[in-house]
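**Q** What follows is each chain in one-letter form.
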Amino acid sequence: MSGQRQRLTIAQAVRDAMRDEMRLDPTVLVLGEDVGVDGGVFRATDGLIEEFGPERVIDTPLAESGIIGLSVGLAATGFRPVAEMQFMGFVYPAINQLFSHAARMRNRTRGRMTIPMVVRMPYGGGIHPPEHHSESYESLFLNTPGFKVVVPSNPYDAKGLLISAMRSNDPVLFMEPKRIYRAFREEVPDEAYTVPLGSASVAHTGDDVSLIAWGSMTRVCHDAAEVLAVQGISAEVIDLRSLNPLDRDTFIGSVVKTGRAVVVHEAPKTNGFGAEIVAQINEYALMHLEAPVQRVCGFDTVFPLAHMEKLYLPNRDRVVAAAKKTMEF
Amino acid sequence: MPRTTVYEAVTQRLEILDLDGQVDAELMPEFDPNKILEFYRNMVLIRAFDNKALKLQRQGRMGTWPPIQGQEAIQVATAMAMEDSDWLIPAFREQGVMVLRGIPGHTIYAYWAGDERGSEFPDGIRCFPIAVPVGSQWQHGAGVGLSLKLRGEQAAAVVFGGDGSTSEGDFHEGINAAGVFKTNTVFVIQNNQWAISVPLSKQTASQTLAQKAHAYGVPGIQVDGNDIFAVHVAVTEALERARTGGGPTLIEAETYRLGDHTTADDASRYRSDEEVDQWRVKDPVPRLRKYLEANGLWDDEREKNLEGEARKWVDAQVEALEAMPPQPPEAIFEYMYDKMPPHLEEQMAALKAEVEG
Ligand SMILES: Cc1ncc(C[n+]2csc(CCOP(=O)(O)OP(=O)(O)O)c2C)c(N)n1
Ligand SMILES: [Mg+2]
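Going line by line, the protein sequences match chains A and B. End of the first sequence sits at 329 in my numbering; the numbers just go up one at a time, nothing left out. End of the second sequence sits at 686 in my numbering; the numbers just go up one at a time, nothing left out.
Be aware that a few hints might be false.
Pairs of lysine to any residue, SDA-like flavour, derived with a Cα cap of 25 Å [as the list claims (entries may be wrong)]: (1) 324(A) / 546(B); (2) 310(A) / 448(B); (3) 681(B) / 316(A); (4) 324(A) / 684(B); (5) 310(A) / 364(B); (6) 611(B) / 629(B); (7) 310(A) / 632(B); (8) 310(A) / 383(B); (9) 310(A) / 592(B); (10) 310(A) / 591(B); (11) 668(B) / 311(A); (12) 384(B) / 309(A); (13) 681(B) / 271(A); (14) 364(B) / 680(B); (15) 619(B) / 353(B); (16) 310(A) / 629(B); (17) 310(A) / 390(B).
Bear in mind the hints are in silico, worked out from the structure with no lab data behind them.
Can you make the complete structure from the sequences, with help from the hints?
**A** Here you go:
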């Protein structure tokens, strides 16, 4: 089997990560709403119940607080639960369990008890769904110490990062960009492998301006870089992949090189994680800047219903315009 | 120190209309035949409304839609038992009740089509917005019921939710508070047996959902939710209790979701055709028609006329939906605050400039 590769979507890569790790580690369990017989509403757990049975792939009652509360109990006593929140917009009922317990169990027990749990959450807009199905709440979790927060943007990283997350001894929030779950395929190794948490990737190299993003916005930045290239502007795309721990060296190194930066995220602009990136650029690269750092983000509003989500979401042209603003400063 | 029984409870189930359209004469209230005809008419209208939405969705003219087929009796009976002064607090599968409460059909279509104007209800209709986060609305039912009680209104809050939603903490917190404060609330569970792919047996080890009321000191009853007479009787009793200081009631209406969970779902992945067929026999619409026919209230001609009326009304809703001009970008920003803060003004201006080129 070793050395084989298959062309997979992100959703399939996520499924394979769980399947491979469950084969290797009998303490890994999958639980959530509709993850069993249905294979998940995005099919990200497709086939798992057939292989591992209902004791390891658990259709839970419809209760997010319950799913995370159960997982805390399981994780504290020897299991490695992989819990699914059906959509990130529905994580709120679980916030008490996540913030008050999962994130601080290690600290509160002075290291005696740990919560090696992964919470998978499809996040973000772009699929024309009903209300509450489009949110990006990463900054909530990034301002709550104790979690790791990971966001893949492609199938290879999705599998490798999720396997790392399942092997982490601390709780990991694994945000899946649902908009590109099935948008494209990539070669993914058949066997288990890891992409380390806390390492960003330089997804596209360039010299003039750094476009810094994660998840589905990485694709938008790629598109923007292509347009910019035609106009003679060489953009570097940094895919952060892991927001906590954050690979400061990679994005600061890029900004030191280019002297210009645009940060792109779907979540509302004000107090979004982009603000932290800009703050760190100020702390570590201010004297290298040629222009103020730009942000291209969601508006500070409720995520609109489907008709207007296109207007809400950051797009290629907005990123191009922001990059040019830094060039023309 | 003896070991004694400190609490015992009995949960009742109410059925009046059988599968052949025969009623239990003792349990059947005195209904004006016109009211029964209205029951039927409304069920046919909302079924047509639902079917049309499914068709529009397949044609790309509608967003995700949660069908109500099979659940019409609950929705019509409850809407018709309510007064204008009562509040409706829906979950997301109550478009039948909402239309019958006076929210225009095209408005409901607009909401699911993804248009913000789908949330603009006419003034004076006592109806909360649709609640997509499962179970969250149960608590509002308790709160509105408390409000009505505190203000001395002879009115009730009617709050809906699904079987799956009874697993959320909100359900228990809502009924518990309603019991403590004796609020003017009627809790209606549309138990359609499934929460997406999860059957009721995986949701709870309780034999019924109605019995959960006992734990909170609240009366609970199970009704055949495909029997419009039984639902009407149970809701009317509960409304009466709620409006007159008797406190809340939990009604479990047992029904079945004949369609997919939503247009984004494929129910054949998790349930058998045989199961669906077993419930199709209990479909509330033909069941009431059998009653009407047996009592000389209905014939093919009337059915044809009603179908024509339904088609016309539904087509008018589609026309109104599609006649809506595009929304301006301001619609994203308008209703965030009483007074728009400067940073939003800026964002709105930037978007307008972008859209207007
Ligand atoms: C808090 C929350 N979690 C998950 C979802 C996704 N979801 C939407 S409907 C549904 C099942 C609801 O089942 P039930 O309460 O029985 O209502 P029904 O759909 O059968 O009417 C789920 C899991 C959601 N909308 N909100
Ligand atoms: Mg249900």
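**Q** Hints first: check each against the structure and report whether it holds.
**A** So, going through the hints one by one against the coordinates:
Between the alpha carbons of residue 324(A) and residue 546(B) the distance comes to roughly 66 Å, so the proposed pair goes past 25 Å and is violated. About 19 Å separates the Cα atoms of residue 310(A) and residue 448(B), which keeps this hinted pair within 25 Å; it holds. The straight-line distance between the Cα atoms of residue 681(B) and residue 316(A) is roughly 17 Å, inside the 25 Å bound, and the hint therefore holds. For the suggested pair residue 324(A) and residue 684(B), the alpha carbons sit about 19 Å apart, so the restraint of at most 25 Å is met.
A C-alpha spacing of about 47 Å is found between residue 310(A) and residue 364(B), which places the hinted pair above 25 Å, so the restraint is violated. Between residue 611(B) and residue 629(B), the direct Cα distance comes to roughly 21 Å. Compliance with the 25 Å bound is thereby established for this hinted pair. Distance hint between residue 310(A) and residue 632(B) is unfulfilled; the C-alpha atoms sit about 44 Å from each other, more than 25 Å. Between residue 310(A) and residue 383(B), the direct Cα distance comes to roughly 24 Å. Compliance with the 25 Å bound is thereby established for this hinted pair.
A C-alpha spacing of about 22 Å is found between residue 310(A) and residue 592(B), which places the hinted pair at or below 25 Å, so the restraint holds. Taken as a hint, the residue 310(A) and residue 591(B) pair is honoured in the structure, with Cα atoms around 23 Å apart against an allowance of 25 Å. For the given pair, residue 668(B) sits about 22 Å from residue 311(A) by alpha-carbon distance, which is consistent with the 25 Å threshold. This hinted pair checks out: residue 384(B) and residue 309(A) have alpha carbons roughly 23 Å apart, not beyond 25 Å.
For the given pair, residue 681(B) sits about 23 Å from residue 271(A) by alpha-carbon distance, which is consistent with the 25 Å threshold. Restraint check for residue 364(B) and residue 680(B): not satisfied, since their Cα atoms lie roughly 52 Å apart, outside the 25 Å limit. Note on residue 619(B) and residue 353(B): the hinted pairing holds, with a Cα-Cα distance of about 14 Å set against a maximum of 25 Å. Restraint check for residue 310(A) and residue 629(B): the C-alpha separation of about 49 Å exceeds 25 Å, so the hint is violated.
Under the criterion of a C-alpha separation no larger than 25 Å, the hint pairing residue 310(A) with residue 390(B) is consistent with the structure, at around 17 Å.
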